[in-house]
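**Q** Here is how the chains run, residue by residue.
Number of protein chains: 2
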Amino acid sequence: MTFYEKLERHQQKLSKLAHLNAICGWDQASMMPEGGNEARSEAMAELAVMHHELATASHLAEWFAHAEAESLTKEQVISLKEMKRSWQMSNLLPADLVEKQSLTGSKCEHAWRSQRTENNWHAFSKNLEKVVELSRQEAQIRAEATGLSRYDALLDIYEPGMTTKELNKLFSDVKSWLPNLIQQVREKQNAEKVLTPVGPFPTEQQKSLSLEVMTKLGFDFKHGRLDVSVHPFCGGVPTDVRITTRYDEEDFTSALMGVIHETGHARYEQGLPAQWRGLPVGEARSMGIHESQSLFFEMQLSRSEPFFDLLAPLASDAFERRDDSALSSKNLTLLNTRVKPGYIRVDADEVTYPAHVILRYEIERDLIEGHIEVADIPELWDKKMMEYLGLTTKCNYTDGCMQDIHWTDGSFGYFPSYTLGAMYAAQFMAAMRKEMNVENLIRGRNLQPIFNWLDRHVWKKASTLSTDQLLIDATGERLNAEHFRTHLVERYLK
Amino acid sequence: MTFYEKLERHQQKLSKLAHLNAICGWDQASMMPEGGNEARSEAMAELAVMHHELATASHLAEWFAHAEAESLTKEQVISLKEMKRSWQMSNLLPADLVEKQSLTGSKCEHAWRSQRTENNWHAFSKNLEKVVELSRQEAQIRAEATGLSRYDALLDIYEPGMTTKELNKLFSDVKSWLPNLIQQVREKQNAEKVLTPVGPFPTEQQKSLSLEVMTKLGFDFKHGRLDVSVHPFCGGVPTDVRITTRYDEEDFTSALMGVIHETGHARYEQGLPAQWRGLPVGEARSMGIHESQSLFFEMQLSRSEPFFDLLAPLASDAFERRDDSALSSKNLTLLNTRVKPGYIRVDADEVTYPAHVILRYEIERDLIEGHIEVADIPELWDKKMMEYLGLTTKCNYTDGCMQDIHWTDGSFGYFPSYTLGAMYAAQFMAAMRKEMNVENLIRGRNLQPIFNWLDRHVWKKASTLSTDQLLIDATGERLNAEHFRTHLVERYLK
Ligand SMILES: [Zn+2]
Ligand SMILES: [Zn+2]
Numbered sequence: 003m004t005f006y007e008k009l010e011r012h013q014q015k016l017s018k019l020a021h022l023n024a025i026c027g028w029d030q031a032s033m034m035p036e037g038g039n040e041a042r043s044e045a046m047a048e049l050a051v052m053h054h055e056l057a058t059a060s061h062l063a064e065w066f067a068h069a070e071a072e073s074l075t076k077e078q079v080i081s082l083k084e085m086k087r088s089w090q091m092s093n094l095l096p097a098d099l100v101e102k103q104s105l106t107g108s109k110c111e112h113a114w115r116s117q118r119t120e121n122n123w124h125a126f127s128k129n130l131e132k133v134v135e136l137s138r139q140e141a142q143i144r145a146e147a148t149g150l151s152r153y154d155a156l157l158d159i160y161e162p163g164m165t166t167k168e169l170n171k172l173f174s175d176v177k178s179w180l181p182n183l184i185q186q187v188r189e190k191q192n193a194e195k196v197l198t199p200v201g202p203f204p205t206e207q208q209k210s211l212s213l214e215v216m217t218k219l220g221f222d223f224k225h226g227r228l229d230v231s232v233h234p235f236c237g238g239v240p241t242d243v244r245i246t247t248r249y250d251e252e253d254f255t256s257a258l259m260g261v262i263h264e265t266g267h268a269r270y271e272q273g274l275p276a277q278w279r280g281l282p283v284g285e286a287r288s289m290g291i292h293e294s295q296s297l298f299f300e301m302q303l304s305r306s307e308p309f310f311d312l313l314a315p316l317a318s319d320a321f322e323r324r325d326d327s328a329l330s331s332k333n334l335t336l337l338n339t340r341v342k343p344g345y346i347r348v349d350a351d352e353v354t355y356p357a358h359v360i361l362r363y364e365i366e367r368d369l370i371e372g373h374i375e376v377a378d379i380p381e382l383w384d385k386k387m388m389e390y391l392g393l394t395t396k397c398n399y400t401d402g403c404m405q406d407i408h409w410t411d412g413s414f415g416y417f418p419s420y421t422l423g424a425m426y427a428a429q430f431m432a433a434m435r436k437e438m439n440v441e442n443l444i445r446g447r448n449l450q451p452i453f454n455w456l457d458r459h460v461w462k463k464a465s466t467l468s469t470d471q472l473l474i475d476a477t478g479e480r481l482n483a484e485h486f487r488t489h490l491v492e493r494y495l496k
Numbered sequence: 003m004t005f006y007e008k009l010e011r012h013q014q015k016l017s018k019l020a021h022l023n024a025i026c027g028w029d030q031a032s033m034m035p036e037g038g039n040e041a042r043s044e045a046m047a048e049l050a051v052m053h054h055e056l057a058t059a060s061h062l063a064e065w066f067a068h069a070e071a072e073s074l075t076k077e078q079v080i081s082l083k084e085m086k087r088s089w090q091m092s093n094l095l096p097a098d099l100v101e102k103q104s105l106t107g108s109k110c111e112h113a114w115r116s117q118r119t120e121n122n123w124h125a126f127s128k129n130l131e132k133v134v135e136l137s138r139q140e141a142q143i144r145a146e147a148t149g150l151s152r153y154d155a156l157l158d159i160y161e162p163g164m165t166t167k168e169l170n171k172l173f174s175d176v177k178s179w180l181p182n183l184i185q186q187v188r189e190k191q192n193a194e195k196v197l198t199p200v201g202p203f204p205t206e207q208q209k210s211l212s213l214e215v216m217t218k219l220g221f222d223f224k225h226g227r228l229d230v231s232v233h234p235f236c237g238g239v240p241t242d243v244r245i246t247t248r249y250d251e252e253d254f255t256s257a258l259m260g261v262i263h264e265t266g267h268a269r270y271e272q273g274l275p276a277q278w279r280g281l282p283v284g285e286a287r288s289m290g291i292h293e294s295q296s297l298f299f300e301m302q303l304s305r306s307e308p309f310f311d312l313l314a315p316l317a318s319d320a321f322e323r324r325d326d327s328a329l330s331s332k333n334l335t336l337l338n339t340r341v342k343p344g345y346i347r348v349d350a351d352e353v354t355y356p357a358h359v360i361l362r363y364e365i366e367r368d369l370i371e372g373h374i375e376v377a378d379i380p381e382l383w384d385k386k387m388m389e390y391l392g393l394t395t396k397c398n399y400t401d402g403c404m405q406d407i408h409w410t411d412g413s414f415g416y417f418p419s420y421t422l423g424a425m426y427a428a429q430f431m432a433a434m435r436k437e438m439n440v441e442n443l444i445r446g447r448n449l450q451p452i453f454n455w456l457d458r459h460v461w462k463k464a465s466t467l468s469t470d471q472l473l474i475d476a477t478g479e480r481l482n483a484e485h486f487r488t489h490l491v492e493r494y495l496k
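Protein sequences appear in the order of chains A and B.
Per this note's numbering, the first sequence starts with residue 3, numbered consecutively.
Per this note's numbering, the second sequence starts with residue 3, numbered consecutively.
Treat each hint with caution, since some may be false.
[Claimed, not checked] Label pairs and their computed distance ranges (CB to CB): (1) Ala377/B / Thr4/A: 39 to 45 Å; (2) Asp222/A / Lys218/B: 56 to 62 Å; (3) Leu99/A / Leu74/B: 56 to 62 Å; (4) Asp222/A / Val232/B: 20 to 26 Å; (5) Glu64/B / Leu99/A: 54 to 60 Å.
Derived by calculation from the structure, the hints in this document are not laboratory data.
Positions of the beta carbon are idealized from the N, C-alpha and C atoms, including for glycine.
Just chain A, with the same shape it has in the complex (with noise of 0.2 Å):
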């Protein structure tokens, strides 16, 4: 056996224990009892610590060593490329620290789902102040190892080659436009007649919907399911990837709306190349590009009127309200592109969404670079709500502060990617409408041709490029804001 294929089966072993992770923790979110907390997270600790200690460990120094010296093929230089930065990301953290994390994240996560709903920010800050101590640490030892900033080197895990430098740049011409977009849709907006759709709208047949939605687009249930937890993701692994939704009986468009974003990530995910299954070049090439995938199913396919003519037909079924003109594809759609300035993030339009990812981004970052402390949390979200959305969360954790599982389990440095998700969809959408007309796929119920452009130069591409190459293979181009601005431009002011 050759040192490549020693490292190759090094990473099946590893990709083995994160299948077991994977499965754990969606159970953990969408089917565990409340009792079962403690035991499972104590069991998820140990094999953080199992996976840590394979995937540190030091005998791969002199295999990576030898497989650089054998005959290998182009695409298994990549692979070995990827394998020996995984392994290098990973030789950062000592093990009691990886399972500190692991354990104090796990509770503090648990906790937050009952503490948010009572709004119990005492509480729940204590929880937060271990995580972030750790989270510091960590940061502390990757700023030290790369010569990153603590904060870059935490962004460095999600969306690798990005910095805090590009990210003021890009984010600080953002909030240049951004008010004053809002302010300009805002008034369109105020001519327009919209209904509200009234309910109950039975849990059971959104999940109908849901399921047939999902068949539309292409995830493919044999390799995957779709269930409830409080906050939804997509989970799993790529021959069974599970993504989570969570039903309100008032309003079926936030489930379903949700449902199709995480269908993007799993189609993502289902889609990587099967040759480099469990191994790093085979996997998602960043957060910023996994968030391009599902915003590209929500924003630039879903929320259009073409869409809507596709989807209003398949709710009205569902929900068996034929008359019920709230339902049809023009009032959904302008449902759908409603601009308002809200609390919450997840329930956030795509305009106002920057201004939440910004606001915790800074916060953040400030966090983490030791700038400010878990108390003056918020405080500082206070004031820049009001500032970016004129919006005041004083007193109100669960809706301001406390609403994102995030930082929960220590998850420091992975805001950017929604922004960054956004803008690399719609440079996407720019390049594909290039090849072909998106709206008449759509009206022609054929949308094969847009799976087949994002499998092609998306999905199947996994790890083999860096971000910026994956880029400028698909578009032409590196990383462009300007697409972003013009989307919405055209969206909401034409």
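With chain A's structure known, arrange chain B with the ligands on it following the hints.
**A** Frame of chain A, contents of chain B with the ligands only:
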């Protein structure tokens, strides 16, 4: 840290891996889409290898030696003995055999799900041959190490201390009176008028009823849940017990009695002592004792008129059939104590059930001892079914030798536990009756004293006593099959 403490810590680690295995196994049977199976099987096989490596760690030999010289409490001495027994048992098998068994069993089981429906013995037998071959290897290794016969060595895994010699004696006794008893009961029941409830009984209503009955039986939903699988089971971990059932819309009693059965298993698990959690001494004593708890719930407790007085109104309400005389207490009692030889073990009444077990016992015993081959099974099955129950299974593999999940993953030696469990359960009930009037308690809707008795005499004992000693402490005598015969005569011929 003492060596005893080091051993405890090591066992806790093993217990965490077992936790992951239990949840992923539950998921595989109740949630996983078909296309996820290959990767899941591989991931679980990897976990089995890791568990095996830890469970067999050679340095434990020294730890055991040191710990045995340490000053330990009486309880720690027992715990140490169980840890050592568990380590010795694990050390018998080489890692590659364990991995092959996990993989082969998992694949055989998964394929069986569709092959059974298709009555495809040919395809199934190819997989089963591989499973049997590996089980024979296992039996051979265990036999050499323990001095037991090959089948006895497997039996010892599930029912420590039980032997072919004792089973042959017990079962030939049963065979001596069972056919005649069945005959007498059949004649007596000929005169009874029993109404068959007419479906449909919608799955959702059956589920509600199941949850309600589980609640009455003290199932702790903070530490467990109910789902659906092809073959019902009780899985998960003591802090998160996962039971499953399958619903038949034409017959609600099969799922209901199944749920009661699994609830018995679940309460044993949920009732295991918290202070020994994760350690061998804190686990269920044996599969036979486990089955005694499920059968205590399903047979001793539930299939009696006082209990159906309690159940019948719940069922009438659940299905909104308050005037359906087929759902009266009297009729449900007759229906659920109906004796009729049938093909399917899991649907069998408690009188004919032992015949199904003895048939399987005789076949698997001879299969493991090498006296017969997989290809011989269908003919033997048919012959014994004719002999014991007067039914032919020629060419009907679905309802014959392909009906059970057990052999698919190599669980040879397990079947006797069912009838041992029935015998233990009858003996527990006989002892309990000396302390309380069970019927009056049920009529008074006060089940707590019954559960308390089981908790004190069985659940909280976990593995601190041998099976023999547990029986003696709880009932004053060793296993005495006469209690079982008396129970059948009392219930079915009086
Ligand atoms: Zn997303
Ligand atoms: Zn059972």
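**Q** A separate judgement is required for each hint: does it hold in the structure or not?
**A** Do the hints match the structure? See the list:
1. Ala377/B / Thr4/A: 39 to 45 Å: holds, 43 Å
2. Asp222/A / Lys218/B: 56 to 62 Å: The hinted range 56 to 62 Å is violated for Asp222/A and Lys218/B, with Cβ atoms some 42 Å apart.
3. Leu99/A / Leu74/B: 56 to 62 Å: violated, 35 Å
4. Asp222/A / Val232/B: 20 to 26 Å: holds, 22 Å
5. Glu64/B / Leu99/A: 54 to 60 Å: This hint is violated: roughly 31 Å between Cβ atoms.
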